[in-house]
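Peer 1: What follows is the residue order along each chain.
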Amino acid sequence: MFAATGFKVWSDELYQQIFSIVSAGIGVTLYVTACAFTMASIIGLVAALAFKSPFNFIRQSARFYCEVVRGIPILVLLFYMAFVAAPALVVAVNFVCSYPQNAGWIPVIEIRDFSLTWRAIIALTISYSAFLAEVFRAGLQAVDHGQIEAARALGLSRIKVFRFVSFPIALRTILPPLGNDFISMIKDSALVSVLGVGDITQMAKMYAGGSFLFFETYSIVAMVYLFITISLSLLLRAIEQKLSAHEKKYHG
Amino acid sequence: MDNIVEMDAVSKWFGHTRVLTNVSLQVNQGERLVICGPSGSGKSTLIRTLNGLEPHQQGSIRVCGLPVTGHARDDDRVRSQVGMVFQHFNLFAHMTVLDNCTLAPRHVSGITAKEARERAMDYLGKVHLLNHVNKYPRQLSGGQKQRVAIARALCMQPRVMLFDEPTSALDPEMVAEVLDVMTDLATGGMTMLCITHEMKFARDIASRIVFMDEGAISSDSPVRDFFAGVGISDRARLFLNQFRT
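Sequence order for the protein chains is Z and E.
Numbering of the first sequence is given in our numbering, commencing with residue 1 and proceeding in unit increments.
Numbering of the second sequence is given in our numbering, commencing with residue 1001 and proceeding in unit increments.
Since the hints were derived computationally from the structure, they do not count as laboratory data.
There could be a bad hint or two in this list.
Said to hold, decoys possible - List of simulated lysine-lysine pairs, DSS-like, C-alpha gap at most 27 Å:
hint: 1; chain 1: Z; residue 1: K242; chain 2: E; residue 2: K1114
hint: 2; chain 1: Z; residue 1: K52; chain 2: Z; residue 2: K205
hint: 3; chain 1: Z; residue 1: K52; chain 2: E; residue 2: K1200
hint: 4; chain 1: E; residue 1: K1200; chain 2: Z; residue 2: K160
hint: 5; chain 1: Z; residue 1: K242; chain 2: E; residue 2: K1135
Stated by the list, open to error - Some, not all, of what chain Z presents toward chain E, calculated at C-beta under 10 Å:
hint: 6; residue: H145
hint: 7; residue: G146
hint: 8; residue: Q147
hint: 9; residue: I148
hint: 10; residue: E149
hint: 11; residue: A151
hint: 12; residue: A153
hint: 13; residue: S157
hint: 14; residue: R158
hint: 15; residue: K160
hint: 16; residue: F162
hint: 17; residue: V165
hint: 18; residue: R172
hint: 19; residue: I174
hint: 20; residue: K205
Said to hold, decoys possible - Not close to chain Z: a few residues of chain E, all C-beta gaps over 12 Å, as computed:
hint: 21; residue: V1108
hint: 22; residue: E1115
hint: 23; residue: E1118
hint: 24; residue: D1122
hint: 25; residue: V1230
Glycine residues also receive a C-beta, built at the ideal position from the N, C-alpha and C atoms.
Work out the full structure: start from the sequences and follow the hints.
Peer 2: Have a look at this one:
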């Protein structure tokens, strides 16, 4: 059935046209996902480390952040970020920078200068960082304590123990859930279309709205997403296999 | 600077439980101590306080002339001079045998990758593992793993080696290959502190035997006196008798 549909897409002029319109959004989808996932990983990792901080205040703050973020739907967070937090942030920045701005050293920032794409990226980052924090925490917790102790006993500093021992081991453990979250973020990035960011879904929405070719358009959209996610899961599986070389008992 | 280890009236608590009571111990360069005693007597804890893996609450510890204080900066300096071998090997599972051995020399001592490699090959040769340098720990037997762990510690060119029951997790067949390596090390003049239940090995290589009981050193005697039962407690004699039968 897949092959048949594929053949129809490539041979039919209408489908070709829809495909070329929709695929203009692939770049935006990938860009949004890549930026948001990278930043969410960094924040998630920091939060995971904060969970283990010796300072109660830091631990509690990280906990609070994750609980709050995890409890808000992504779509709500997206609207909140776009129409409440982003304008507030611009006002705040202008307030802080009012002195150099009055002196004419740096320009005043307008709210519309803050692109909707980046508002969307920040919203996705925040909502995913809470989930990734839990993933990282689980991974770090699973690292065999004996290996950390051995590294400490060799004289490696705490930071180097993390860099060479705990983190690489944890990363191998959490690669499957991390990849899972990456793929789900590609799908969730479709939500940015509600802000008018020109991703795959937005392109399709506009085209279908004008031509009323709903079946054709959304079939193509579904297939484009499917193509991206399936290629990614194959890639992830390959990486996983490469990184777990040490788990094979024998060579070859 | 003849004293490699100086412990002075060290006490340690886990919560409310006192696990070390007024332990004082001096070890000179080139001495080989075997520490024995019933389980729970504080042998492991004693050895782990020496490189700061367990903090102590009272008394002072100096190793290779450097104080063990519980501050990362002090303790990291001590640790780079003290090799430690654990009961469960604790090899880095995601690294090859060679990488296990070069990690600390490169990133603690700061020697080049090439030098670290040469040094690692040298020590891996001494523990007879040159055929396995590119394998991962998973692919090795217990005895091989423990020999890698010894080579890994030696690659830091430590002034003293601590062994925490290095053969207790091994099949009987593999105990000998590890003890052979340790005997080589002892004949080479390495200062060693070993916790072990291998009394034959203790008799062969030790210069002193420390018997611990209930968190305190109950006797510290030359190897011949210990096995002759001279100047040791009844508890130690009872312990020793179990190995005679």
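Peer 1: Next step is simple, just say for each hint if it's right about the structure.
Peer 2: Cross-check of the supplied hints:
{"no.": "1", "hint": "Z:K242 - E:K1114", "verdict": "holds (25 Å)"}
{"no.": "2", "hint": "Z:K52 - Z:K205", "verdict": "violated (45 Å)"}
{"no.": "3", "hint": "Z:K52 - E:K1200", "verdict": "violated (45 Å)"}
{"no.": "4", "hint": "E:K1200 - Z:K160", "verdict": "violated (40 Å)"}
{"no.": "5", "hint": "Z:K242 - E:K1135", "verdict": "holds (15 Å)"}
{"no.": "6", "hint": "H145", "verdict": "holds (9 Å)"}
{"no.": "7", "hint": "G146", "verdict": "holds (4 Å)"}
{"no.": "8", "hint": "Q147", "verdict": "holds (5 Å)"}
{"no.": "9", "hint": "I148", "verdict": "holds (9 Å)"}
{"no.": "10", "hint": "E149", "verdict": "holds (6 Å)"}
{"no.": "11", "hint": "A151", "verdict": "holds (7 Å)"}
{"no.": "12", "hint": "A153", "verdict": "holds (4 Å)"}
{"no.": "13", "hint": "S157", "verdict": "holds (6 Å)"}
{"no.": "14", "hint": "R158", "verdict": "holds (7 Å)"}
{"no.": "15", "hint": "K160", "verdict": "holds (5 Å)"}
{"no.": "16", "hint": "F162", "verdict": "violated (12 Å)"}
{"no.": "17", "hint": "V165", "verdict": "holds (6 Å)"}
{"no.": "18", "hint": "R172", "verdict": "holds (6 Å)"}
{"no.": "19", "hint": "I174", "verdict": "violated (13 Å)"}
{"no.": "20", "hint": "K205", "verdict": "violated (46 Å)"}
{"no.": "21", "hint": "V1108", "verdict": "violated (4 Å)"}
{"no.": "22", "hint": "E1115", "verdict": "holds (17 Å)"}
{"no.": "23", "hint": "E1118", "verdict": "holds (18 Å)"}
{"no.": "24", "hint": "D1122", "verdict": "holds (17 Å)"}
{"no.": "25", "hint": "V1230", "verdict": "holds (35 Å)"}
The structure fails to meet hints 2, 3, 4, 16, 19, 20 and 21 from the earlier list, while all remaining hints are met.
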